[in-house]
Amino acid sequence: MHTRLFGVVIAAGILTVPTSSFAQVVITEVMYDLAEGPDSGREWIEVYNVGSAAVTLSDWSVFENGKSHKITAAAGGAALAPAAYAVIADNAQKFGTEHPAFAGQLFDSVFSLNNDGESIALRDKAGSEIDSIMYANSMGGNGTGDSLQKIEPAPGTAFSAGIPTPGAGAPAGGLVRTPPKEKKAATKKASSKSVKSAPAVGDSGPAIIGNADTSSDASARSQAASAAIADEPRRTPLWWLGTAAIAGIGAAGVGLARRARKTEWDIIEETP
Numbered sequence: 001m002h003t004r005l006f007g008v009v010i011a012a013g014i015l016t017v018p019t020s021s022f023a024q025v026v027i028t029e030v031m032y033d034l035a036e037g038p039d040s041g042r043e044w045i046e047v048y049n050v051g052s053a054a055v056t057l058s059d060w061s062v063f064e065n066g067k068s069h070k071i072t073a074a075a076g077g078a079a080l081a082p083a084a085y086a087v088i089a090d091n092a093q094k095f096g097t098e099h100p101a102f103a104g105q106l107f108d109s110v111f112s113l114n115n116d117g118e119s120i121a122l123r124d125k126a127g128s129e130i131d132s133i134m135y136a137n138s139m140g141g142n143g144t145g146d147s148l149q150k151i152e153p154a155p156g157t158a159f160s161a162g163i164p165t166p167g168a169g170a171p172a173g174g175l176v177r178t179p180p181k182e183k184k185a186a187t188k189k190a191s192s193k194s195v196k197s198a199p200a201v202g203d204s205g206p207a208i209i210g211n212a213d214t215s216s217d218a219s220a221r222s223q224a225a226s227a228a229i230a231d232e233p234r235r236t237p238l239w240w241l242g243t244a245a246i247a248g249i250g251a252a253g254v255g256l257a258r259r260a261r262k263t264e265w266d267i268i269e270e271t272p
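Per full-length UniProt numbering, the sequence shown starts with residue 1, numbered consecutively.
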């Protein structure tokens, strides 16, 4: 879970260095950096007994970060049978909660695996190193949901990243990696763009150019025209007669005015 500068160069992925060529129990899987949430109490390692005799792991310890962490039996007994897998969890209770279908042998310990990489070792009751590995986050499993696993549960074999299989060993068909998840930042950005492109409630929006008449507008105009027609007076024969009389009186008045003006000019011209 903790991070620190890890100044070890690993030439071929991950290095497994057993103290003895007769190592009976080997580390076969490491979950050091979970995909979501804090790592504390959720990290674990898987071990496999390659020997021909049972081994009492409750007498052993996990050595990492310069410290030895005692192993305690949690479920399935203290002895690991030949050709059997077991899980050693940083917190056995949390492991059981997050892996309710797990029915294998479970041990409890207290450790905090480095997210950048480090070495992990198994030590027996006398303090002798039985098996040790060295991992780096460049090999995978760095917050992707994958763990680092051995394809073959034997000393000296390499690790690869794949979907965790605690207590079951690597799948016969080969490791399968956890599908990558969509980045949250990209999802938020896309959502923000979508909101910006939509007009705000109550916004008048862009001006409409052209004949964008709607059915409601046409109906309103029709009603207005009908009202105007209804307001016009009915043009009866009497109305036409009155109109003609008014027009005639007006025309006669204009004619008389013109004749009077002409008479004035004639009088002026005849004056000596």
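If you're looking for bench data, these hints aren't it; they were derived computationally from the structure.
Among the hints, a few may not be true.
To be verified - No more than 25 Å apart at the CA atoms, straight line, and that leaves these computed lysine-lysine pairs for DSS-like:
no., residue 1, residue 2
1, Lys125, Lys67
2, Lys67, Lys94
3, Lys94, Lys70
4, Lys125, Lys70
Checklist entry - Which numbered conditions among the earlier hints are violated in the structure presented, ordered from lowest to highest? => result none
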